[in-house]
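Number of protein chains: 2
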Amino acid sequence: MDDLIAKLKAALGPAGVLEGEEAAAKAQGGWSKLGVPRAVLRPASTEEVSKVLKLCHAAGEGVVPWGGKTGLVEGGEADGHLALSLERMNKIEEIDVAGGTATVQAGCVLQTVCEAVEAKGALFPLDLGARGSATIGGNISTNAGGNRVIRYGMARDLVLGLEAVLADGTVMTSMNHLIKNNAGYDLKQLFIGSEGTLGVVTRAVLRLRPKPMSQDTAFVAVEEFGQLSKFLRHMERALGGTLSAFEVMWEDFYKLVTTEPAKGKAPLAYGHPYYVLVESMGGDQEADSARFEAALMAALEAGEVSDAIIAKNQAERDQMWSLRDDVAQVARNWPIFTFDVSLKIADMESYIAEVREGLKAKWPAHTLMVFGHLGDGNLHVIPGTISDHSPESRKAVEAVVYGALRKRGGSVSAEHGIGLEKRPYLGWSRSPEEVALMRVLKQALDPKNILNPGKVLEPASPRVKAAE
Amino acid sequence: MDDLIAKLKAALGPAGVLEGEEAAAKAQGGWSKLGVPRAVLRPASTEEVSKVLKLCHAAGEGVVPWGGKTGLVEGGEADGHLALSLERMNKIEEIDVAGGTATVQAGCVLQTVCEAVEAKGALFPLDLGARGSATIGGNISTNAGGNRVIRYGMARDLVLGLEAVLADGTVMTSMNHLIKNNAGYDLKQLFIGSEGTLGVVTRAVLRLRPKPMSQDTAFVAVEEFGQLSKFLRHMERALGGTLSAFEVMWEDFYKLVTTEPAKGKAPLAYGHPYYVLVESMGGDQEADSARFEAALMAALEAGEVSDAIIAKNQAERDQMWSLRDDVAQVARNWPIFTFDVSLKIADMESYIAEVREGLKAKWPAHTLMVFGHLGDGNLHVIPGTISDHSPESRKAVEAVVYGALRKRGGSVSAEHGIGLEKRPYLGWSRSPEEVALMRVLKQALDPKNILNPGKVLEPASPRVKAAE
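Those sequence lines, one after another, are chains A and B. Sequence positions in the first sequence follow the numbering used here and run 1 to 468. Sequence positions in the second sequence follow the numbering used here and run 469 to 936.
Okay, chain A solo, but in the shape it has when bound (with noise of 0.2 angstroms):
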């Protein structure tokens, strides 16, 4: 290792490479494991990351990049590894507004990105709560999701093209800017949604959208499940493709961020089984609130919704928002475990039943805070009150909301990924006969296993072993 660190030294720079404790001051602050790495290697440019996977390579070390650290699921977690930190590749090349593209480097943020694009008047639609500080390689390498996903895609929808560095140190460059290429196979798919264990993301080309004329939102209670997807798919269709926000609390979720500590207001009376953070943007202020009222009004008569306030300015709307983003307030609950799955809507309501049964079994006193991106089949699920935060109770939880999930067909993993986190569990997801065709990929990319290595996939000796 310290020969290779020395080369590594060499082709980087006195900047491209931190070790002691300056590499661990990089490990802090994560919002998962990261570990304490051997060395936090900082490339300036594609070129260098190509020397840092040819020197690792032919070493066969094993190196875990690193955007943002804003991951969920340990997929960034370097303990005694060499970290692939992409922050020092944070340049914006290009914005054109009439192409519909932005061309930037992995190591941007996120809301720096959009934030730019805004202000050529354009849109990237990706928004989610780690905007701040996620970036966009990071974005790429987990397919990341958030609150617009209901009407523009998760990130895997919103790149056109891309740039990775291949283990071997090959620059794969991938740039399309078209919305249509069938020009052989569509490789950047490979690189989206794997965690940075089949190449390490460097450039991409952004798909923008217009920037929406109008924005409506409204708080809604709702008394039964099944009318939650009534009045989602009338929503779909009254707004005729406008639809960019549902978002669902139950209602102990929304008691726990509209009550102290917390700082928000509830906008509701209590007493409603569920809330919903309906949006939707679209082309004309006046005729789309027009049209946005008219189909709340619509769901209140149809009895799909039993109480509704529409934001009537941008603090109302923020307001709105500040609820569902206060996901920080969770702690109260201490211990907690948090997960993040997806599933059929119609099998949602037995599901959160089911775990709820399971808790109670285990912990009388558990507390258990639903909410999420119902339109896409996706909810955040947190347990809390749970007698200790030991490796033991995280699996024992883990059993009750996992199980529940594995019986109806639903996703370890809706937005998050697998990381090292949930890799016990991809087969309660995915069928042997799919375990085993990535493998076969991530053989082929990475023979020598040196890309994020152990995470998603098992590696030969597993350090996490799977569950049964």
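Keep in mind the hints are simulated off the structure, nothing from the lab. The hints are all genuine.
BS3-like cross-link-like pairs, simulated, lysine-lysine; straight-line CA separation at most 27 angstroms:
hint	chain 1	residue 1	chain 2	residue 2
1	A	LYS120	B	LYS698
2	A	LYS91	B	LYS812
3	A	LYS211	B	LYS812
These numbers were taken from a predicted model, which means no experiment stands behind them.
Please arrange chain B on chain A, whose structure you already have, making use of the hints.
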């Protein structure tokens, strides 16, 4: 081969293997060269597809998957080979409107699926000229595009899950129903758009959308190319997400489809360089029509558009679309050669000018029909009245059409795929590193090269030589 055919007959039964004249008859009516297959295999289930591939894998014999045989790039060419037709696998297994999915076998005809979904009150938005015979399996394998990509995306964006049989007969079932699923690699992407070279798609879960409640269609005239993209961006913004078609016709094409023997009537006077069919699909007919009209008026006032007519009823709408769809008229300029390219909108004007110059130099009497999905950067370019239809003429025309494209970083295939026909030009749109990575995938998934051998990528001993 005879021994293999005997085994295939035992596995599939008498209806499952056609030979001789029966096989030759099945190869009639294709839209591009199919050749005369040694036999046509007609499995009736995924298990039978698996048996076929197991036997062919063991024998090292190639198979050429067939859907509706409407491909345009010789992707189904099977001369002397085994064709694998999915025509008996045409069951619609489930349409779940509340869940927003349709589960179908690969041999289902696109139009049949669309109609069945519509009858249940939802929309499967894929729409293209070959809808009456193209199959879902073919649509997926070629990542089909068509008329509504600007609103709903290509086939890739409309597939949630699929089942594919791998080269060795392994059934890889990945019938995901969820919009968000980041549990490991997104394996379906391997089989979408890879033209049957990495696996045979047998079933799919399609994503449905709400049935639009409104439709507004107009035909407009535009005086300058630069105004076209301004008009496009204006309509995208003003219609707030409901723009569903933006089909441009150059004047020559417009004249061709509105003069006898064509049956189409000209909705606007001749004498404008560009005509656009623009359409919106929304949620409220009255409000959407008002918005559509207002957006067109604004475009007229801004000078983006010089004349416009709005369809007052379905008959007028059908008339407008019939012009766009009457591509068969181009045969009046025989000998013709057809191309499907994509490039940045900003490059299109100079591109067409250069193609025109290049053709003129060699064929002073040439015609040039241009039309396409401008919003997607996709043009169909059809030179006609070329001296003869020989391979040499084709090559000379390709040199002009692809030569001008290559300089501009365009794609030799926007939506039709590569097949055999475009294989020599793959390297004109893709870098050596990209093609090398495609080969890595092909080698990993089909090491014996039995899946649609020779399509997309050159085999070791090429039948078609790459262009220089």
